[in-house]
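Enquirer: Read off the chains here:
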Amino acid sequence: MLIFVVSMAESGLGAAGNPASPTNIFAPKSTPAHSIYQLSIFELEVLGTIFVVVFSLLAYAVIRFREQKHEDGSEPPQIYGSNQMELAWTVLPVLIVVVLFLSTAQVIHRVQDAREPQGTIEVTAVAHQFWWEYRYPQFGLVAANELHVPVSDPAHPTPTYIHLLSADVDHSFWVPQLAGKTDLIPNHPNNMWIDPHETGLFVGQCAQYCGTQHAKMLLRVYVENREDFDRWVHAQQQQAAANPSAAAGAALFVSKACFACHTIRGTMAAGPAGPDLTHLMSRETIASGAVPITRENLLKWVRNPDTFKPGSLMPAPDLTPQELGQIVDYLMTLD
Amino acid sequence: MASEAVPLTIRQNPLAVVYEWLGTCDHKKIGLMYIVYALLFFVVTGWEAVLMRIQLAHANSTFLSPQLFDRLFTLHGTTGVFFVAMPILFGFGNYLVPLMIGARDMAYPRLNAFGFWMTAFGGLFLYASLFAGDSVAKAGIAPDVGWFAYAPLTAVAFSPGHSTDYWNLSLLLAGVGSIAGGVNFVATILSMRCPGMTLGRMPLLAWMNLVMGGLVLVTISPLTAAQLMLMADRYLGAHFFDTQAGGSAVLWMHFFWIFGHPEVYVLIIPCFAFISEIIPVFSRKAIFGYPAMVAATTSIGFVSLGVWAHHMFTVGMPSYGNAFFVLTTMVVAVPTGIKIFNWLATMWGGKIRFATPMLFAVGFLFQFLIGGLTGIMLATAPFDWQLGNSYFVVAHFHYVIVGGILFSIFAAFYYWFPKMTGRMMDETLGQWHFWMFLIGFHLTFDSLHIPGLLGMPRRVYTYEAGRGWESWNMIASVGVILQGAAVLVFVYNLIRSGVRGRPAGNDPWDAWTLEWATTSPPPEYNFAAVPVVESRRPLWDVKHPDDPDSKYE
Numbered sequence: 001m002l003i004f005v006v007s008m009a010e011s012g013l014g015a016a017g018n019p020a021s022p023t024n025i026f027a028p029k030s031t032p033a034h035s036i037y038q039l040s041i042f043e044l045e046v047l048g049t050i051f052v053v054v055f056s057l058l059a060y061a062v063i064r065f066r067e068q069k070h071e072d073g074s075e076p077p078q079i080y081g082s083n084q085m086e087l088a089w090t091v092l093p094v095l096i097v098v099v100l101f102l103s104t105a106q107v108i109h110r111v112q113d114a115r116e117p118q119g120t121i122e123v124t125a126v127a128h129q130f131w132w133e134y135r136y137p138q139f140g141l142v143a144a145n146e147l148h149v150p151v152s153d154p155a156h157p158t159p160t161y162i163h164l165l166s167a168d169v170d171h172s173f174w175v176p177q178l179a180g181k182t183d184l185i186p187n188h189p190n191n192m193w194i195d196p197h198e199t200g201l202f203v204g205q206c207a208q209y210c211g212t213q214h215a216k217m218l219l220r221v222y223v224e225n226r227e228d229f230d231r232w233v234h235a236q237q238q239q240a241a242a243n244p245s246a247a248a249g250a251a252l253f254v255s256k257a258c259f260a261c262h263t264i265r266g267t268m269a270a271g272p273a274g275p276d277l278t279h280l281m282s283r284e285t286i287a288s289g290a291v292p293i294t295r296e297n298l299l300k301w302v303r304n305p306d307t308f309k310p311g312s313l314m315p316a317p318d319l320t321p322q323e324l325g326q327i328v329d330y331l332m333t334l335d
Numbered sequence: 001m002a003s004e005a006v007p008l009t010i011r012q013n014p015l016a017v018v019y020e021w022l023g024t025c026d027h028k029k030i031g032l033m034y035i036v037y038a039l040l041f042f043v044v045t046g047w048e049a050v051l052m053r054i055q056l057a058h059a060n061s062t063f064l065s066p067q068l069f070d071r072l073f074t075l076h077g078t079t080g081v082f083f084v085a086m087p088i089l090f091g092f093g094n095y096l097v098p099l100m101i102g103a104r105d106m107a108y109p110r111l112n113a114f115g116f117w118m119t120a121f122g123g124l125f126l127y128a129s130l131f132a133g134d135s136v137a138k139a140g141i142a143p144d145v146g147w148f149a150y151a152p153l154t155a156v157a158f159s160p161g162h163s164t165d166y167w168n169l170s171l172l173l174a175g176v177g178s179i180a181g182g183v184n185f186v187a188t189i190l191s192m193r194c195p196g197m198t199l200g201r202m203p204l205l206a207w208m209n210l211v212m213g214g215l216v217l218v219t220i221s222p223l224t225a226a227q228l229m230l231m232a233d234r235y236l237g238a239h240f241f242d243t244q245a246g247g248s249a250v251l252w253m254h255f256f257w258i259f260g261h262p263e264v265y266v267l268i269i270p271c272f273a274f275i276s277e278i279i280p281v282f283s284r285k286a287i288f289g290y291p292a293m294v295a296a297t298t299s300i301g302f303v304s305l306g307v308w309a310h311h312m313f314t315v316g317m318p319s320y321g322n323a324f325f326v327l328t329t330m331v332v333a334v335p336t337g338i339k340i341f342n343w344l345a346t347m348w349g350g351k352i353r354f355a356t357p358m359l360f361a362v363g364f365l366f367q368f369l370i371g372g373l374t375g376i377m378l379a380t381a382p383f384d385w386q387l388g389n390s391y392f393v394v395a396h397f398h399y400v401i402v403g404g405i406l407f408s409i410f411a412a413f414y415y416w417f418p419k420m421t422g423r424m425m426d427e428t429l430g431q432w433h434f435w436m437f438l439i440g441f442h443l444t445f446d447s448l449h450i451p452g453l454l455g456m457p458r459r460v461y462t463y464e465a466g467r468g469w470e471s472w473n474m475i476a477s478v479g480v481i482l483q484g485a486a487v488l489v490f491v492y493n494l495i496r497s498g499v500r501g502r503p504a505g506n507d508p509w510d511a512w513t514l515e516w517a518t519t520s521p522p523p524e525y526n527f528a529a530v531p532v533v534e535s536r537r538p539l540w541d542v543k544h545p546d547d548p549d550s551k552y553e
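Chains E and C, in that order, are what the protein sequence lines are. Each residue of the first sequence is one higher than the one before, counting from 1 in my numbering. Each residue of the second sequence is one higher than the one before, counting from 1 in my numbering.
Pulled out of the complex, with its shape left as it was, chain E reads as follows:
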């Protein structure tokens, strides 16, 4: 029995005592996550009280009413029930349910039915097996795997509204410190919003099993102050600059299979199936957050994507070591 008490205490401490975890749901950094957090703390208090009361009754019954060593073998008094007690433990839970329901409905309304203010950033997130595409229709740009949004000052909120689509199967967008998760379902557009109150990197990952590499469909949200964000937007809006030193790789990119899936704006490559690579080197990671972007990792990835993500949909291209080097050299110019 002690185990139960200890384990429950452990659970609470385990979560609360982990401010270091970048995905702790009890460390909200955005209004939707914060509303959920407040509701959950209230609910934990209510349920914790119920647990302590029922647990104590049960523990008392188990200890107090165990058969004594020297029993005469007679049966205890037989009690068949009590309508008053049945009524009591029906009405009391009903009242608790009413309270919990009303507080829940309020938060549902506050998060789901929030009216979109002026001046929001709009992003269309398209989930693919196993990576994220981010379109910014207001700015005419497309990025992949690393979402950039401006920080939102609670006094002058500039929230980001995310329109959620899927190109293939079901996925779910979950960055715990910013908001609860919302699924991306083909043929069923969804919406969510965030208004991060702090700058920094917020991480999460796909939360609906979507196939072999579901585990490495990681989410990275970069919250920046407005100037940095505008600078990022401006940079991303540019087409890829031609770099004569990497001409061989650039030619290979459009003569080998690469261009069929990837887009590099400003070149012939306009494939829609894979991540847009126009500003590849402006990112910190490749393979949807699986590994840091380094020359070595790019070489490994392009040679055989299964090295990092077995089962990823990018095929291993048929390249000689020299061609591989040239392509990676070219990719490294895409900043």
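None of these hints come from the bench; they were simulated from the model. A virtual CB, placed ideally from N, CA and C, is assigned to each residue, including glycine. Do not rely on the hints blindly, as some may be mistaken.
Short, incomplete list of chain C residues facing chain E, as computed with Cβ under 7 Å [claimed, not checked]:
| id | residue |
| --- | --- |
| 1 | Arg-284 |
| 2 | Ala-323 |
| 3 | Trp-348 |
| 4 | Arg-353 |
| 5 | Pro-457 |
We have chain E already, so just place chain C on it with the hints.
Expert: Relative to chain E, chain C alone:
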């Protein structure tokens, strides 16, 4: 192979025994076959869990490939629900219901055998996928779509080959078997009761199996329908769930969960039944609030049909839709609370004997309480936006399925094994089993709540270091070793006690329901003379002729 003639000797007896079991329509033999079959699959699904826990013990592990891991969690979930929990509960129900209502068999003995064999073939068919092989299906062995097989991951475009068909067809077969079983429970309980046993005098076990049988009838059919539609999509060019052609992925979710949530009650209600029989006998008191227990059970049955979309709070339902399912789901807490309080009140003022069945029953009560409370957290839609599909959910439903359902099944084994075999299970081994399993269970499933609160989604074959998940996953994996060892003790106890346990006699627990009025094991006809009852506890009346229950009911 053998080119020379080998003298063939047919020993009559062993084959006769095989024929007898293959062709039997006796509810007790069918019940035992369900139980043994489920125990075999229990070991299989347990091993699948062990492999997954080894993989997840630390970050970035490469013990299993992602493809294999995905197949393992699909098999583990499908097997656990359909080929362990359901058949074992059907087995106990089959064995016990006719005995407890004073009947000689189920209403439809042949349908009963048919139901068992369909379920059995369903399970074997699922595992036949292991032998279909890469080379034949071109898409790997064994399904990898998860136990709820969300569309459109199951479409031919995303799941070529036949692995998904194995999942689909095996559950279709087993579903037909379950429906046969459901019909049989309802018909038997409504029409085969012995003289004097009005509905109001039925043991709670019979009441609860009646509700379970009714739920099976209305819940399995949507799954079967959806599976036929999926077959049509995959082979006849239909577009029910084909999102590229205007089909709906959300439609599958609705179909699946309108099956899937009542299914949880199909599993837990028979466990309530075990607990409602065991707690009174070991507390030496009549069940407290019998009419309230019946009312609570039936209302759980009805309300459970209107809660399914609480599995879909993240799907993007409108706010009022979400609020509706929050309300219906929270309402379930009321009758569930009534049950817990009635069990408590039954123990209150009793003389509790802590034999192994009662230990497991008390374990059930504690764990079911916690599983119920975490269930309310998940029913709170906004909280579920964080917790849904995380390890918190994994911990929650294992708390219910292992901490609740499996604990009560263990209780049922220790309680009714003497009736089924005529021998007692070893009490010392039973205590070892209980304490080892209890500690292992809590190490594993208490720990798993926390990575969920820290953002770890379910169904990931590996995870990043540095998110606070590692140590909890390691503890969870260590707990599995203890649980596995405890199950070995249990299996050893079953076999050893079955062979040379202490003879049990008719009524080893000094209990009150009709199954204890006949021999252990009961004869094929159950009762030499059909019993006549005058109260809910006919054997109490026999043992206390001066103070029978019938005076108070």
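Enquirer: Decide, hint by hint, whether the structure agrees.
Expert: Checked hints:
Taken as an interface hint, Arg-284/C checks out: its beta carbon lies about 5 Å from the nearest beta carbon of chain E, inside 7 Å. Hint status for Ala-323/C: holds, given a least beta-carbon distance of 5 Å to chain E, under 7 Å. Given hint, Trp-348/C at the interface with chain E, holds; its Cβ is 6 Å from that chain's nearest Cβ, closer than 7 Å. Interface restraint check for Arg-353/C: the shortest CB-CB distance to chain E comes to about 5 Å, inside 7 Å, so the restraint holds.
The restraint placing Pro-457/C at the interface with chain E holds, with a minimum CB-CB distance near 4 Å, inside the 7 Å limit.
Every hint, counting from the list given before, is met by this structure.
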